[in-house]
Amino acid sequence: MEFKKKINRQGIENMAAAFILKSLLGIGFFTVLWMLRSYSVDFCLKTLEQEAQEVRENICLQISYIQNHLEMVADVIKEEDEITSERVLNLLQSNQYMGMVSRLGIVLPDDRILKPDGTVSTPVNGITFDELAKKGVFVTNIEPDNLEADRLVLFFNVPIERKGKTEGILFGVIEPQDLSNYFEVDIFDGNADIFIVDTKNREFIMDTLHGGTEKDYASKAHKIKKGYDEGQIVRDFEDGVGGITAYFSTSIKEYLYSAYEPIGINDWFVMLTVPESIVFSETKYIEKVLFWLGVYEAVVLITYFLWDIIRTRKEISAKERMATTDLLTGLKNRNAYEQALAGYEASLPASLSCVYADANGLHELNNSKGHAAGDKMLQTVAAVLVDVFDKEKVYRIGGDEFLVFAEMDLGDGLKKAAWAKEKALKAGYHVSVGAASSEEYREVAAVIKAAEQRMYVDKKRYYMEHGNRRSMRQ
Numbered sequence: 408m409e410f411k412k413k414i415n416r417q418g419i420e421n422m423a424a425a426f427i428l429k430s431l432l433g434i435g436f437f438t439v440l441w442m443l444r445s446y447s448v449d450f451c452l453k454t455l456e457q458e459a460q461e462v463r464e465n466i467c468l469q470i471s472y473i474q475n476h477l478e479m480v481a482d483v484i485k486e487e488d489e490i491t492s493e494r495v496l497n498l499l500q501s502n503q504y505m506g507m508v509s510r511l512g513i514v515l516p517d518d519r520i521l522k523p524d525g526t527v528s529t530p531v532n533g534i535t536f537d538e539l540a541k542k543g544v545f546v547t548n549i550e551p552d553n554l555e556a557d558r559l560v561l562f563f564n565v566p567i568e569r570k571g572k573t574e575g576i577l578f579g580v581i582e583p584q585d586l587s588n589y590f591e592v593d594i595f596d597g598n599a600d601i602f603i604v605d606t607k608n609r610e611f612i613m614d615t616l617h618g619g620t621e622k623d624y625a626s627k628a629h630k631i632k633k634g635y636d637e638g639q640i641v642r643d644f645e646d647g648v649g650g651i652t653a654y655f656s657t658s659i660k661e662y663l664y665s666a667y668e669p670i671g672i673n674d675w676f677v678m679l680t681v682p683e684s685i686v687f688s689e690t691k692y693i694e695k696v697l698f699w700l701g702v703y704e705a706v707v708l709i710t711y712f713l714w715d716i717i718r719t720r721k722e723i724s725a726k727e728r729m730a731t732t733d734l735l736t737g738l739k740n741r742n743a744y745e746q747a748l749a750g751y752e753a754s755l756p757a758s759l760s761c762v763y764a765d766a767n768g769l770h771e772l773n774n775s776k777g778h779a780a781g782d783k784m785l786q787t788v789a790a791v792l793v794d795v796f797d798k799e800k801v802y803r804i805g806g807d808e809f810l811v812f813a814e815m816d817l818g819d820g821l822k823k824a825a826w827a828k829e830k831a832l833k834a835g836y837h838v839s840v841g842a843a844s845s846e847e848y849r850e851v852a853a854v855i856k857a858a859e860q861r862m863y864v865d866k867k868r869y870y871m872e873h874g875n876r877r878s879m880r881q
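Numbering (the working numbering), first residue to last: 408 to 881.
In case anyone wonders, no lab produced these hints; they're calculated from the structure.
Among these hints, one or two may not hold up.
As the list claims (entries may be wrong) - Mimicking EDC-like on lysine to aspartate or glutamate, the simulated pairs with C-alpha atoms at most 20 Å apart in a straight line are:
#1 453 x 596
#2 485 x 449
#3 830 x 865
#4 541 x 524
#5 522 x 487
#6 823 x 808
#7 453 x 593
#8 522 x 489
#9 542 x 574
#10 632 x 449
#11 830 x 819
#12 823 x 794
To be verified - Across the chosen pairs, the derived CB separations fall in these ranges:
#13 487 x 517: 16 to 22 Å
#14 486 x 556: 30 to 36 Å
#15 501 x 541: 25 to 31 Å
#16 501 x 569: 55 to 61 Å
#17 472 x 633: 17 to 23 Å
#18 735 x 696: 56 to 62 Å
#19 657 x 449: 22 to 28 Å
#20 770 x 819: 28 to 34 Å
#21 420 x 818: 48 to 54 Å
#22 528 x 582: 50 to 56 Å
#23 688 x 638: 28 to 34 Å
#24 741 x 779: 20 to 26 Å
#25 688 x 641: 28 to 34 Å
Note that CB positions come from ideal geometry on N, CA and C, so glycine has one too.
The whole structure should be built from the sequences, with the hints applied where relevant.
Have a look at this one:
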């Protein structure tokens, strides 16, 4: 039993070692995938940060250009005697399509608007000359157009001052939907999107992902990707500093990786985003190769694992057989007998016959004709017992001693014992036998002892009949 436990433990240890090896390989595979994806995310965010800074500088450059140009136009206008002169109108017409500006005009002190064609209109957005004059040079956030209230635009306002007095407000109109024509990025094969966010009013001045301006979308709470601080972007907007984040877009149903930078105009931030699918698109081929490599590796490992289990079981079974099998006769050996004995000691069948057999003259045969002859004798006796009682019931418990456990009554046990003795005699060998049954004794040890004693009686009878000539050959 101890040997069986030892080889079972060895088999379990082998399988455990194989499982640990497979687990380590699996962990290594998924670690490589994680590192690859982590590298892709880091590379994406660094690229977005750099590009966001460049876009911010471009926006500032464009706004600065517009401001300088409008101030130059305002300086020319203030030299005119009349702000509504023909030369002023020509100046408005010739400069109204500069850069991002789509239209010029002048807000007059009486709140009316002078258009480049010389006509005068009443503003429909409620803005007054006095309000604009107080603010000086500035860019508005998105607000209704002064000519069409349902149209949202940006205004760049520059006061026209003469002798310390503001005589008009020169303004340039910027169409938000046209901003995408001036600010583009070609990173990630053109799949990155640009947002200009008015963080104070929570609206997008520019949005290339959804198109146009999206105040409602900008005000929505977005699910921040795990690993990023949900409140960090809010703090960064409040502090006017750049940063990175990733959030789930309900419109395209995937996460967007993002970098944002303050523009330095009003409360505007420029934000660049790229979908997660694009971030990992450059690694998809590598991931695909790794995936199929992992599948192949898994198949190989599983095949090896199954083979190892089968091999280990066969090895354990072979070692068990070696531990419980007599090599010469192929019968169960003393170890197997001890195991069977322990089982019968725990639970003795009502009708268990024990046949004790001894091959007579083994020692003399070995001395006279050699051990090969003795081995043949033992193999013949074993074959006879197997033929009569079945192999699973026969044990070789000593050099020339055999024992049979058979669940049958004593009468059948005696008949089969006599039959075995007769068959051995026909083969040229004498066998002494004795039989006892659990019908006679309540303990298996007593049954065995009785069978052994009866075998010795039979052996004594044999030697009395054959004298001192102990050869089993006739």
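Item to check | Those earlier numbered hints the structure runs against, lowest number first | outcome: Those not satisfied are hints 2, 4, 16, 17, 22.
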